[in-house]
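Chemist: Residue numbers (the working numbering), protein chains in the order written: chain U, 1 to 135; chain B, 1001 to 1254.
Be careful, since some hints might not be right.
What the hints assert, rightly or not - Partial selection, computed: residues in chain U whose CB lies under 7 Å from chain B:
(1) 90
(2) 92
(3) 127
To be verified - Here are some chain B residues the structure puts well away from chain U; computed CB gaps all over 10 Å:
(4) 1017
(5) 1115
(6) 1122
Said to hold, decoys possible - Here are a few chain B residues that sit away from chain U, every Cβ distance over 12 Å (derived from the structure):
(7) 1010
(8) 1032
(9) 1042
(10) 1125
I should point out that these hints are in silico values taken from the structure, not numbers from a laboratory.
For each residue, glycine too, the CB sits at the ideal point set by N, CA and C.
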Amino acid sequence: MKYILIIILIGLIFISGCTIDCGKDLDCFKEQVQNYNKARVNIINEGTNIRITCRGVSKDICLISFKIEEVSEDLRQEDPISAKIVVGKTLNCNIPLEVLEQDEDYFDKILSFEEEFDQYCTGPIKDILIKTIET
Amino acid sequence: MKGFTRALKLELENMKERKFSLLFYLIAPLLIIALFYMITSSLTLDWTNYASMGLRIYDFYVPNILGIVVLFITTQLMVLRIIGERAPYGTLDRELIAISKSGMFFGKLIANLIFVFLQCFLIFLSAYVFFPAKNYGSPISVFLFILLIGIFGAVLGFFISIMSKNKEQAVQLVPFFVLILMVLSGILIPIDLMPTDIATITSIFPLTLGTTSLKTLTLDGVGFEDVFGNMLFLIFWIVGLTFISLLKFKLERK
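Using the sequences and the hints, build the whole thing.
Modeler: Now the structure itself:
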């Protein structure tokens, strides 16, 4: 009996930590983030696949991770070295909840590397960009 | 349960008596990491895809070094725990105080896993706090994978100890297993460059799972969900090897 209880307890811990998969529906993802739920979405644009994951909220800050899962064929042919470098890399952003609630376009701003990107984000992608600019 | 508690106490007493040997197991990996830091921390990486991130050689190789060091040290720690107490080297303690075989098995294993936990924590601190390597990932996930490699190493050492006929054989088998796992782990030759069939097989080997997870966590900054599958495979290896060892130990005549 106690083993069954342990298995159920472990199962509950796993389920409670699960992330809601919004597929390709960005609105669903935004809604989940507004409700402080862990969620993920894939944005596919001309063959480039970016996965956005909300890892949860802590101390009025929402941790949102951007991961490049695939780079489009055009980009790969245009700059094969950079395309190979960025695949699998992430950008991890600590976005204040007030920004999430007020600004609906924060994803676009981060993905187009506006000021918000530098302010809230760290990770390999940012370092690659800084290094590229330096050289 | 009573047998387990007695075996656990007995093993903890034994560990107290071996304090200098255990101290060596604690200090040796820290020295290796410190030495590696001294040699590589000022060298810039310029031959892999990661070069464009401004990484040092130290940042790039620390996950590999940790994998090898943790696996080797923990396997070595456990390899004489059973064979070292068998005839003609000694009498298994359980025979003296009438502990069941499974009680003794888990008593010894758990007592040593407490030490492995401490060892892995110190290794994690030395690699990511005292001699800090680049880490884009969650420190908890990184520590978890170091610990899983450590637990696997301990279980592998225990497995070798139970399977061996004498101390010499047990000591010979440790480098044999560790070196095979190392060669096939992608540490020396990247998995992408291996023949496809071999790459498929080696990708589920424990050291491969551990080091690739550490690398993607620390250098790519991925989240736990990206390495969750690897964690399950590693746990599967640990549980599987423990089960086989227990079965062999219980089926022994003496």
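Chemist: Hint by hint, note whether the structure agrees.
Modeler: Comparing the hints with the structure gives:
1. 90: Since chain B brings a Cβ to about 4 Å from residue 90/U, closer than 7 Å, the hint holds.
2. 92: Hint on residue 92/U: holds, closest Cβ of chain B at ~6 Å, below 7 Å.
3. 127: Because about 5 Å separates residue 127/U from the closest Cβ in chain B, which is inside the 7 Å limit, the hint holds.
4. 1017: holds, 34 Å
5. 1115: holds, 25 Å
6. 1122: holds, 27 Å
7. 1010: holds, 26 Å
8. 1032: holds, 26 Å
9. 1042: holds, 18 Å
10. 1125: Its Cβ never comes within 12 Å of chain U, the nearest being 22 Å, so this holds.
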